[in-house]
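2 protein chains.
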Amino acid sequence: MAQTLGPRPLSSILLLSLVPVGAWLLVRPLLDPLPPLPAFHAALGLSIFAFIATVYLVPALGETFIKARLFGRDLLKTYDTPIPESLGLVCASIYILVLILFIPFAFSDVFVNDYENRSQHGLVVAEFPHQKLAVYLSSILSLLIATMLGFLDDVFDIRWRHKLPIPIIATIPLLLVYYAERGNTNVVVPIPLRWLFGTLINVGPLYYLYMSLLSTFSTNSINILAGINGSETSQALIIALSVILNDLLYLPWPFGVQIPVHLLGGHAEFKIGGPWGAGMAYGSREMVERHLFSLYFMLPLVGVCAGFLYHNWYPARAFPGDTLCYLAGMAFAVVGIQAHFSKTLLLFFLPQIFNFVLSCPQLFGLVPCPRHRVPRFDKETGLLYPSKAIFEKPPSALTTAILNVLSTLRLINLSKNPETGLPETTNLTILNVFLVNLGPMKEDSLVQVLISTQVTGSVLAFAVRYGLAWLLYDGNRR
Amino acid sequence: MAQTLGPRPLSSILLLSLVPVGAWLLVRPLLDPLPPLPAFHAALGLSIFAFIATVYLVPALGETFIKARLFGRDLLKTYDTPIPESLGLVCASIYILVLILFIPFAFSDVFVNDYENRSQHGLVVAEFPHQKLAVYLSSILSLLIATMLGFLDDVFDIRWRHKLPIPIIATIPLLLVYYAERGNTNVVVPIPLRWLFGTLINVGPLYYLYMSLLSTFSTNSINILAGINGSETSQALIIALSVILNDLLYLPWPFGVQIPVHLLGGHAEFKIGGPWGAGMAYGSREMVERHLFSLYFMLPLVGVCAGFLYHNWYPARAFPGDTLCYLAGMAFAVVGIQAHFSKTLLLFFLPQIFNFVLSCPQLFGLVPCPRHRVPRFDKETGLLYPSKAIFEKPPSALTTAILNVLSTLRLINLSKNPETGLPETTNLTILNVFLVNLGPMKEDSLVQVLISTQVTGSVLAFAVRYGLAWLLYDGNRR
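As they're listed, the protein sequences go chains D and A.
Letter by letter, the first sequence follows residues 1 to 478 in this note's numbering.
Letter by letter, the second sequence follows residues 1001 to 1478 in this note's numbering.
This is chain D alone, in the form it adopts within the complex (with noise of 0.2 Å):
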């Protein structure tokens, strides 16, 4: 049984013959005529290299974060291998310097200012004011905080209350160049209400809160959503490619589709692309550049990731430990914040809020929490089976009423320790939800249910942000 494990195979002539496509797609802004959205293509360009410098740096600098005692063992295998932990920091890096090595193509005057004297090819989004500048660059230092004190867990292993206020500490950067730049503390009050409000609101200091929440929510939401190999990367992964998606819907493109939402009830139309003026943009120029914003710091995030996820994936020769967490849950702040859609952004945050909420017993000490909540691996099958916590003392009235709701909604199995006499429940997580439901299984086909459950997240989401929303908002208003 005393297996090892040897690096994942790459395949070099796949992966290089991506480099000619992303040095295209970065050189394609120099020349004439002009493509519609010139900074994009370089973003994209960029998100290849990424990609690439991803696949290959993650397991060449293994063996270096080993020696600086950087690695864990995988607790749900047969084998002892040492894994490199942290490696998160290998994409942050990668992820960063991609974001700074943009600021020429989206902020420098060769680019911006030269329009006017250039053959153009269509429509130009003459993408960022130099003002922009500042807020970029507050988003990246923020980006950059929060890696840093991701890789400070790692290396310190700072106790879980003393982390929860890290992300806080990571917006201020954002918050306060916010606060500089004058943002708009502005809110749009849904329909029911306005008769109390009115139409907009001014919530003030309140915004700043909601800011800092957002990031600690979304920070936190995927770091305790993790256990098991391709967890926390495949979650990112499938976040930023929602968030892509949604984007998307808001650029000008060669052609328009339109989606009759009205016939399900809809009184807004649902226009995706076509020139200024249609799309979902409804001809603000602001709301394109705030998505093209969002596109640029999503699109390198799914390039690491994608790259990461490939050593990730089960069996992971590589952890991403708390440094991707916390680098991916900002990024999503970021976007949230500074392209104001921050609610969308919380609706692709579905089984992370599901999670966040069962395990509040836990997290709040109602119900027993053990350092370790991942399921439990049976050696004998190979097969995960859900983990438990063990009441040490009878549970109060207010503990065993929850338990017996959530184990009437199939959340939990109820049972009872032989010995002592007293109650265990399977620990709270999503990943012991799916297993009391599916039955035991293998840690892979664990993680596609996970991503599965990611991605129908996600399909809830659009439909209720264009399906539903019009009860709540103007459809001209997001």
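The reader is advised that the hints may include incorrect statements.
Unchecked claim - Selected chain A positions facing chain D (in silico; Cβ < 7 Å): (1) A1068; (2) I1103; (3) P1104; (4) A1134; (5) L1137; (6) S1138; (7) L1144; (8) V1155; (9) P1173; (10) A1180.
Hints in this document: simulated from the structure, not taken from any laboratory.
Here the structure is a predicted model, which is why all the values come from computation and not from measurement.
Virtual Cβ for every residue (Gly too), placed ideally from N, Cα, C.
Let chain D serve as the given structure and place chain A on it in line with the hints.
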């Protein structure tokens, strides 16, 4: 002889009495009448808090660093107590947090645009236009990357050759924003060369090369003048204080001082302070703003370095690690570049330049280079002696010539190894030069000699900058 080392005692009364001073400086810009330099008040206040935080946090976090295996033994002591290493990370975190918290003071509308509506006390500098925010943020970003890479160097122990380009990576945000903002790449030609090049010459990309080399130099030159308690920190502190003194010459003050440099043969007048249009800024608002920018970065650096030196002083309770050298070096590069006084800045690095030039034969392999070149500690006498580089094979003619010159200049002691008959030389560092010329001494005396040299270097720098620069440049061009 089994000594141990307890933490250095803190005088809480003295430290806490600084709190109201810092708080007052922070609140003052909010009160009428507005002080002449409101953001300068805030920077000073924040620096005091940075000092207090560093003094308290460094000993408090030492244990955590030791647990995370970030510690070293003091090679020049009789005891073997593990000393926490990389505590520069704590300094860097406090420093960067302070720089971020400073953003609203320098850039928000509350402080900048309300000037007209508030009563003012004399001349008020409405510090920064919003566009400068991008420059400020890119500087913080570079500092944070330098910190991160410095810490990674401490954790992963990167090899010497791989380390060299690290500061170049950290300068990327600085350079790209400089480029995106169409930064000036003109250089003023020294008078003796003007017949050839004219007064101003646009050096284009060479300017970017110069900027990244500047950061490489400032970072590594502090890093190689290390090895005894307090050496890195005190260098950083004295250079920062010199830069501050230089900056202060350009600010408008309520009084004016004129120093009769013309008596020494200079054509330039040397005026300090006075209202707008006087002082070294010669009425250039831009020059005042540049030197304010520099002060905003240097004041908190002095705060954290002074706080850290308290614990790093002989016998050291904490080591800075590479992190502090990277941070300080990058901070000097940032102000030199952004405030356009890189030549003056280099003058403050005279001892470092001397040390670097002297080290070249060892760095480039002409003379054997042991892993540590720090002076040798003699346990019997408690004194430091020059450490030696021992030749394994006979030196080349070139090496012999160089060593003879250095020996004649009393920079090294040459001797013959009694066993092999091959030559031995004291290591080529400024610390060994002190020991060769002044004889063996205690570690704290040696660091005091180093500090005196650094101060003398700065005095000389000021003399050259303001006494002799008229030979090369017009008086009113800086």
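Verification of the hints:
{"no.": "1", "hint": "A1068", "verdict": "holds (5 Å)"}
{"no.": "2", "hint": "I1103", "verdict": "holds (4 Å)"}
{"no.": "3", "hint": "P1104", "verdict": "holds (6 Å)"}
{"no.": "4", "hint": "A1134", "verdict": "holds (4 Å)"}
{"no.": "5", "hint": "L1137", "verdict": "holds (4 Å)"}
{"no.": "6", "hint": "S1138", "verdict": "holds (6 Å)"}
{"no.": "7", "hint": "L1144", "verdict": "holds (5 Å)"}
{"no.": "8", "hint": "V1155", "verdict": "holds (5 Å)"}
{"no.": "9", "hint": "P1173", "verdict": "holds (5 Å)"}
{"no.": "10", "hint": "A1180", "verdict": "holds (4 Å)"}
Comparing the model with each earlier hint shows no violations; every hint is respected.
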